[in-house]
Amino acid sequence: MKTTTHSKKKKAGSPAPSRRSPVMNGAEVLVASLEREGVDTIFAYPGGASQLLHQALTKSKKIRTILPRHEQGGGFMAAGYSRATGHVGVCMATSGPGATNLVTALADAYMDSIPLVSITGQVPSYNIGKGAFQETDFFGMTLPVVKHSYLVLDAKDIPRVVKEAFYIANSGRPGPVVIDIPKDVQLSMSQPIFPDKVELRGYKPEKKADDVALNELLGLIEKAEKPVLYVGGGIISSGAAKELLEFVELTNIPVTTTLMGIGCFPETHPLSLKWLGMHGTYYANRAVNEADLLLAFGVRFDDRVTGKVSEFAKHGTIVHIDIDYAEFDKNKHVHLPILSDVKYALGRLNAMIRKEGRARKSFPAWVKEIGTWKAAHPLKFEDYSDKIAPQLVIRKLYEMTKGEAIITTGVGQHQMWAGQFYDFIKPRTFLTSGGLGTMGFGYPTALGAKVACPNKQVIDIDGDGSFLMNVQELATSKVEKIDAKVIILNNQHLGMVVQWEDRFFDSNRGHTYLGDPSDRAGIYPDYPTIFKGFGITCERVLHKKDLEGALQRLIDAKGAYALDVMVPYTEHVLPMIPANHTFKDIITD
Amino acid sequence: MRHTITVLVENRFGVLTRIAGLFSGRGFNIETLNVGPTHRPDTSRMTIVVVGDDRVLDQVTRQLNKLVDVIEVTDFHEGEYVDRELVLLKIKVDAKARAEVMQICDIFRAKIVDVQPKNLTIELTGNESKISKFIVLMENFGILDLTRTGKVAIARR
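If you're matching them up, the sequences are chains A and B in order. FYI, the numbering for the first sequence is 0 to 588, going by numbering that gives the first Met the number 0. FYI, the numbering for the second sequence is 0 to 156, going by numbering that gives the first Met the number 0.
With the rest of the complex left out, here is chain A (with noise of 0.2 Å):
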């Protein structure tokens, strides 16, 4: 039995430390226990079964309480805040329906490992299972959806749960953890007291590498001529950057990162091949598809950078360094699975490598070929006189911030451009709906890490579709004073779904026009009109020539600010190798 009480140091007799507080309510032990776990700003939106979660909100000197204007916003608030930080993000709703839009943001959180600890009200238990208004059960609902849940049934567990659901949220792989409150357990009495640690039997987070692996992938890459990283949004996690980087300048081998690992390694790095996948780069594609030697680092071979998954690297050796055990063989068998935070790895992969005390070999033949494939295929788009090219708007902002801000996106072909045409140069500045592609995200999730950062420039680049699906969080911007600013690309269309109309169905609409029908000439919605009615200023550009000016203006804006800005929605995001095909199938134009 492994139960450790530190009684060692404790004199014999000596009574425990007290712990104990005054006696409050399940409300106001629950903020208590945020503020034990150190949060500063919650995202909530009250109700009914959460009233009584606000009250005790509203009088904890710790805690920032912003209202979003749905549910949905707040998560992704939450998000963001995560996203942009890495620490736990905190949203909170109330029972039925406030809950059940959460749903979607919990489920993006799980999808890109983000941890986030999410407090639902609940009916009062005593009318679970009774059909009670605005009740559903929560904890069944998100179960496919969460890392951990938790129905909290007695207000004396609540210190305990909240201490766990922040361990859960933020260890191992991060992802959301999920805590239900019934009312009745707000409103009970009790004395609580606050654990300073977390015992779970079942666990075990931390994870190492052992040497002998480590020593082995060492040896593959002595034995490589074509070694290329592939590393994911598991290096930003983990805070690995510093020590990827330094692995890269040891070793020599080229990196291309996958779109939630966008930032681990600066993207202006002589050994940066940008992203891969659908809309990767051409030569990241084509240096994994000719790599004898793939190291896979915090990443799970995703359909979206796979295509094909059998013929993906099929030429390689693999190896996986992953926190998830459940991720090796998942979707491509690979040769060398080492369990691993992979910070701790490379932190130990470089240490042993500076002990040999010899210069590694360098790949100068492989990097030449692959300088041969950056030169040729270069991202790049088609340039108009008067019209905007999306892709230019994007490119000239990088120009104008130094790359130095943090970038959100919605879902879709702006999306997959800030990608490719932003260079981003740290982590945690490209914030993306990496897994689950939830359009609407950009916003919501550009104030939350705007709260977290106030100090950095933090920009959404949007879609006239993404931005419309929350666009109620404009109030949240003004009345909250959290300056986020957007550049909307607007085509009046759902511009990634007709780009596959016009690739695979003949250009036959499906209903992806988002404009009026009955004035085609026209442009609806009107943005700036909406923007001046949530009092925030939102300027159109229609000409090239004025895309610098109104760029400057964003940039240099105090407050919120946004542009709607026109772009035609011809462009199709490239290159593209189409789903479930490989790189010999990419489309370059």
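Hints are computed from structural coordinates only; laboratory data are not their basis. Possibly wrong hints are sitting among the right ones.
[Unchecked claim] Listed next, the in silico DSS-like pairs over lysine-lysine satisfying Cα-Cα at most 25 Å (straight line): (1) Lys307/A with Lys342/A; (2) Lys95/B with Lys117/B; (3) Lys65/B with Lys342/A; (4) Lys342/A with Lys331/A; (5) Lys65/B with Lys162/A; (6) Lys132/B with Lys110/B; (7) Lys203/A with Lys65/B; (8) Lys331/A with Lys583/A; (9) Lys329/A with Lys65/B; (10) Lys531/A with Lys557/A; (11) Lys425/A with Lys373/A; (12) Lys206/A with Lys331/A; (13) Lys65/B with Lys207/A; (14) Lys65/B with Lys196/A; (15) Lys129/B with Lys206/A; (16) Lys477/A with Lys425/A; (17) Lys531/A with Lys480/A; (18) Lys89/B with Lys129/B; (19) Lys65/B with Lys331/A; (20) Lys395/A with Lys543/A; (21) Lys162/A with Lys206/A.
Just so you know, these numbers come straight off a predicted model, no measurement behind them.
Fit chain B to the known structure of chain A by using the hints.
Chain B alone, transformed into the frame defined by chain A:
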């Protein structure tokens, strides 16, 4: 292939749903499932028998391991474990058949736990092959009802 998986879990509500969800979400039908507390009241053991593609089942056991409430998962290989199942059968008998059924019960070390004018209730414990043989024999008399606990298994070592 058929797998016998035992899962040691925290004895808490919701654990069963989490585990069942990992199977159902992938379209697997659980053949038998047995749950009960161990010698520690805070710990339960489940024995799950499931048929499915080996690779996918391997994924499922890894996902099981990730659940916070799961303490240990073992996917048993042949010979590594002993297993038993208990079956209760209600068999239609007349005066003539009764003696024959009782004779077969003797051979199988099955117990007759209830006697009615027109039926017998029999308790049988054993491994899979013994139970299936017994059921085949009883079909000749007429099985009125049958219930089984599902396999329970424990490692030999």
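Checklist entry - Does the alpha-carbon distance linking Lys129/B and Lys206/A stay inside the 25 Å limit? => result violated, 44 Å
Item to check | Lys477/A paired with Lys425/A [C-alpha distance capped at 25 Å] | outcome: violated, 28 Å
Checklist entry - Has the given pair, Lys395/A with Lys543/A, been kept, meaning a C-alpha gap of at most 25 Å? => result holds, 11 Å
Checklist entry - Is the hinted pair Lys65/B and Lys342/A satisfied, with a Cα-Cα distance of at most 25 Å? => result The hint holds at about 20 Å.
Next on the checklist: Please verify whether Lys65/B and Lys196/A have alpha carbons no more than 25 Å apart.
Outcome noted: holds, 21 Å
Item to check | Given pair status - Lys342/A, Lys307/A, alpha carbons within 25 Å | outcome: Violated. Lys307/A to Lys342/A sits at ~30 Å, over the 25 Å cutoff.
Next on the checklist: Given the hinted pair Lys95/B and Lys117/B, is their Cα-Cα distance within 25 Å?
Outcome noted: holds, 11 Å
Checklist entry - Is Lys531/A within 25 Å of Lys557/A, Cα to Cα? => result holds, 17 Å
Checklist entry - Within 25 Å, alpha carbon to alpha carbon, are Lys132/B and Lys110/B? => result Holds. Lys132/B to Lys110/B sits at ~16 Å (cutoff 25 Å).
Checklist entry - Going straight from one Cα to the other, do Lys329/A and Lys65/B come out at no more than 25 Å? => result Holds, because 14 Å separates the two Cα atoms, which is no more than 25 Å.
Next on the checklist: Check the hint pairing Lys162/A with Lys206/A against an upper bound of 25 Å on the C-alpha distance.
Outcome noted: Since the Cα atoms of Lys162/A and Lys206/A sit roughly 21 Å apart, the hinted pair holds (cutoff 25 Å).
Checklist entry - Lys206/A and Lys331/A: Cα distance at most 25 Å? => result Since the Cα atoms of Lys206/A and Lys331/A sit roughly 21 Å apart, the hinted pair holds (cutoff 25 Å).
In terms of the numbered hints stated before, the structure departs from hints 1, 15, 16, listed from lowest to highest.
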